[in-house]
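Each chain, letter by letter, is given below.
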Amino acid sequence: MMTLLLLKLPYFTVVVLTLLGLAAMVFKKNLIKILMGLSLMESAVNLFLVATGYRMGGVAPIFTNAPSPHMTLPTVQALTLTSIVIGVATSAMMLSFAMVIYKKYGTVDSQKVKKLKG
Amino acid sequence: MDVTQTLQTGSGAWNPLLWLLALAVALALALAIRSRGRKDFREGNGRKPFISGNEEPGNAGGHVPASNLYWGFLESLKGYYSRLVPLHTGVPTDYVAWLLGVMALMLVIGLTI
Amino acid sequence: MMDTFVMRHLPALLIATPLFAAFLMPLVGNAGRTVRSAWVFLGALLTSAIGLALAWKVLATGTVLYVFGAATTQQALPPDAAFPIRIMFQVDALSALMAVIVSLSSLGITIYSLAAESKQSGLETFYAMLFLLIAGVLGMVVTGDLFNFFVFLEISSLAGAALVAYRVDDGVAVEAGLKYALLSTVGALAVLTAIGILFAQYNALNLASLAARLQFTALDKVALVLLAVPLAMKCGAVPMHFWTPDTYTTAPSSVTAFLVVSSQASLYALFRILFTLYGHLVQFSWATFGWFLIVLGVLSMFIGVTMAIPQKDVKRLMAYHAVSQTGYMLLGVGVGLAVLGNAEALKTYGKTAMAGGLFHIINHAMYKGLLFLTAGAIFLRTGTRNLNRLGGLGHTMPWTMVFFMIGALAIAGVPPFNGFASKLLIYESVFRFSPFLSIIAMVVSILTLASFVKVFHSMFLGPPRAEFAEAREVPAPMFIGMALLALFVVVAGLMPQPFIDHLISPAVDALVDRSGYIAAILGGR
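Residue numbers (my numbering), protein chains in the order written: chain A, 1 to 118; chain B, 1001 to 1113; chain C, 2001 to 2525.
Keep in mind the hints are simulated off the structure, nothing from the lab. Positions of the beta carbon are idealized from the N, C-alpha and C atoms, including for glycine. Certain hints may be false.
No more than 27 Å apart at the CA atoms, straight line, and that leaves these computed lysine-lysine pairs for DSS-like [stated by the list, open to error]:
| no. | chain 1 | residue 1 | chain 2 | residue 2 |
| --- | --- | --- | --- | --- |
| 1 | A | Lys115 | C | Lys2119 |
| 2 | C | Lys2312 | A | Lys112 |
| 3 | A | Lys114 | A | Lys29 |
| 4 | B | Lys1078 | A | Lys114 |
| 5 | A | Lys104 | C | Lys2312 |
| 6 | A | Lys28 | A | Lys114 |
| 7 | A | Lys115 | B | Lys1078 |
| 8 | C | Lys2312 | B | Lys1078 |
| 9 | C | Lys2119 | A | Lys104 |
| 10 | A | Lys104 | A | Lys117 |
| 11 | A | Lys115 | C | Lys2312 |
| 12 | A | Lys114 | C | Lys2312 |
| 13 | A | Lys28 | A | Lys104 |
| 14 | A | Lys8 | C | Lys2221 |
| 15 | A | Lys104 | A | Lys114 |
| 16 | A | Lys103 | A | Lys115 |
| 17 | A | Lys103 | C | Lys2119 |
| 18 | A | Lys33 | A | Lys103 |
| 19 | A | Lys112 | A | Lys29 |
| 20 | A | Lys117 | C | Lys2312 |
| 21 | B | Lys1078 | A | Lys117 |
Here's a subset of chain C near chain A, in silico, CB distances under 7 Å, partners left out [said to hold, decoys possible]:
| no. | residue |
| --- | --- |
| 22 | Val2172 |
| 23 | Leu2178 |
| 24 | Asp2246 |
Chain A on its own, in the form it takes in the complex (with noise of 0.2 Å):
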């Protein structure tokens, strides 16, 4: 019971992180909260990755001294470090986009940030 409740924990904490962030995204008014809810929910499906990858016995697919043959293919760890990458990227671009939205309009707030409407 122990061990099925930790293998299915990091799930429910995607479940938590991807709520939480969404709420961020949908109900916070500061852009820069905005962009932290989203950075919470790439965290979340980055999280959501690595824990599909976990094979229970399976060891780190390196030959040299391998305690034993049962190795675990490293796909979806190859495909989260792409994913924080990316993540990094977008991070970057957007927080950069909120500095210059708050020089020329003197504020975050999303409600505000309407220019362009209708």
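Fit chains B and C to the supplied structure of chain A, relying on the hints for placement.
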């Protein structure tokens, strides 16, 4: 008129070259009728367009700005537009909310069928 | 000819060329303006040539497979494994169609931008981003790997957002860029989650082997929604279209024209996932997802066009029309999906509807690109996009007016331009599915014509204005760029059937023939 130029739609056909030919025939007819008009008419030489005996107004300021076009259309559909336009709030969080809303709706539909 | 080194490595070169052009751009930019322009032109020309050559090869010899890192590029399966583990590009007739669209429009748009952007600063970064965008969009349409697709989707979104915000324009452009980046990232995260769900169940990322193994469990349904809805958002379907007008309005016109193509690539991915990945599962309800596309399509058509009519900003008006025209494609292909299980209906009108929808994609990319480019030309010469302030430009910019008329008549579906050919296919086939939908499509076309009459009247007609006395015809590169797109609009309008026979019908067959797509990789296993 190559038959390969004819677009087959399953229940009809459309040949743009034939259509252009028809257009050319119509144009030729129009020119033929026009050529039967008075040859001695020249623009200017004292003739003016007859607008109920009034002077012809100049064309300065005669351009109708875009916002005044289709005023009647927009006025008669006021009920529709007054609901639709405010939905385009321009607030990023609303945009995300719409995306999540459609996703949630499709999840419910997808999982129940 | 068919087996030279270049011909064998076309799919890899298709991505490598724009990437190479992009990453060397800051270096080349130091060598001066002429060298930079030549580099941009060469890069665009080469990319287009490779794209067209690849499409030609695919249409002549069938699906082209390109496996990265294998002993031969054709070896999809490793000798001792039963499933593909390498990243591969799988270019079938549908991908070839998209490659043609991207190649033709990117060439025209890049040539146009050489003159349109020449007065701006920071052009090295601008063109580096533009080539990244081209690489991302090309990658999206040729890849046969889901995660690879996600990477290209993100590349195109990030480059697109950076380009939208490129001219800060008192922060307005940055606001649009932020909205685009935010929505794209949320959508891409949903796509990534779906990819994770699929990988966790089937240990595969390859589209074909996933398609062969899919069971349609409850989790697969969740994955389908997480894939389909964000992609529908990326192509600007109502009610998730709000980013489109904001983004298309503020981006430089050459970028806007390319963003249209980028949204078509998302449309391609949506169709690919619905048809190839899920399309032929017994439990899959074709009607439900067919109607999902149809409802999105009808909403997009109608709300898009009605929102366009009262607009005062010419690019915002055109952006709402882009939403509206996407509706036609969704409608046409949606009807095809709805009758996918019914062989009789599929044969009599389903395939025609899909052909109309796919033909409309290429037509739309051309005439909408052309319209955005004319709007950019007007903005370059007058400095305003406000329709209330424009007027009388037909006297000073006659060629721009001609190009605008070609684009406007094509988008309104007036014969003999290409928009009419694809819309006719959609009307007549959709009428046999549901007459009501067909009538809506026609009404939307009429409203489209009405709103472009308004734009034409406000921009070009009327007496010459004193404030635009200096306005003159655009420089040669812009003219050539617009002429390229206009030429396609006219040729495809006058001779639609060759396009249907050689380009569109193979794409429709590729979309319907799911087992062919799978067999290309798994070889019938």
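Right, here's what the structure says about each hint:
1. For the given pair, A/Lys115 sits about 26 Å from C/Lys2119 by alpha-carbon distance, which is consistent with the 27 Å threshold.
2. Note on C/Lys2312 and A/Lys112: the hinted pairing holds, with a Cα-Cα distance of about 22 Å set against a maximum of 27 Å.
3. Annotation: proposed proximity of A/Lys114 to A/Lys29 holds, straight-line Cα distance about 12 Å (limit 27 Å).
4. A threshold of 27 Å between alpha carbons decides the hint, and for B/Lys1078 with A/Lys114 the separation of about 23 Å falls inside it, so the pair holds.
5. In summary, the hint linking A/Lys104 to C/Lys2312 is supported, as the alpha carbons are separated by about 24 Å, within the 27 Å threshold.
6. Proximity of A/Lys28 to A/Lys114 is assessed by CA-CA distance (about 15 Å); at most 27 Å being required, the pair is judged to hold.
7. Note on A/Lys115 and B/Lys1078: the hinted pairing holds, with a Cα-Cα distance of about 23 Å set against a maximum of 27 Å.
8. Among the hinted pairs, C/Lys2312 with B/Lys1078 is consistent with the structure: their alpha-carbon atoms are about 17 Å apart, no more than 27 Å.
9. Taking the CA atoms of C/Lys2119 and A/Lys104, the gap is about 23 Å. The hint holds against a cut of 27 Å.
10. A distance of roughly 18 Å separates the Cα atoms of A/Lys104 and A/Lys117; the hinted pair therefore holds under the 27 Å criterion.
11. Annotation: proposed proximity of A/Lys115 to C/Lys2312 holds, straight-line Cα distance about 14 Å (limit 27 Å).
12. At roughly 17 Å between alpha-carbon atoms, A/Lys114 and C/Lys2312 fall within 27 Å of each other, so this suggested pair holds.
13. Taken as a hint, the A/Lys28 and A/Lys104 pair is honoured in the structure, with Cα atoms around 21 Å apart against an allowance of 27 Å.
14. Between A/Lys8 and C/Lys2221 the alpha-carbon distance is near 21 Å, which keeps this suggested pair within the 27 Å criterion.
15. The hinted pair formed by A/Lys104 and A/Lys114 meets the criterion: a straight-line CA distance of about 13 Å does not exceed 27 Å.
16. A threshold of 27 Å between alpha carbons decides the hint, and for A/Lys103 with A/Lys115 the separation of about 15 Å falls inside it, so the pair holds.
17. For the hint pairing A/Lys103 with C/Lys2119, the CA-to-CA distance comes to about 25 Å; that is within 27 Å, so the pair holds.
18. For the given pair, A/Lys33 sits about 17 Å from A/Lys103 by alpha-carbon distance, which is consistent with the 27 Å threshold.
19. The hinted pair formed by A/Lys112 and A/Lys29 meets the criterion: a straight-line CA distance of about 9 Å does not exceed 27 Å.
20. The suggested pairing of A/Lys117 with C/Lys2312 holds, with an alpha-carbon distance near 12 Å, which does not exceed 27 Å.
21. Between the alpha carbons of B/Lys1078 and A/Lys117 the distance comes to roughly 18 Å, so the proposed pair stays at or under 27 Å and holds.
22. For C/Val2172, the suggested interface contact is upheld, since its CB lies about 5 Å from the closest CB of chain A, less than 7 Å.
23. Interface restraint check for C/Leu2178: the shortest CB-CB distance to chain A comes to about 4 Å, inside 7 Å, so the restraint holds.
24. With a cut of 7 Å, the hint placing C/Asp2246 at the interface with chain A holds, because the nearest CB-to-CB distance is about 4 Å.
Violated hints for the displayed structure: none, as all numbered hints are satisfied.
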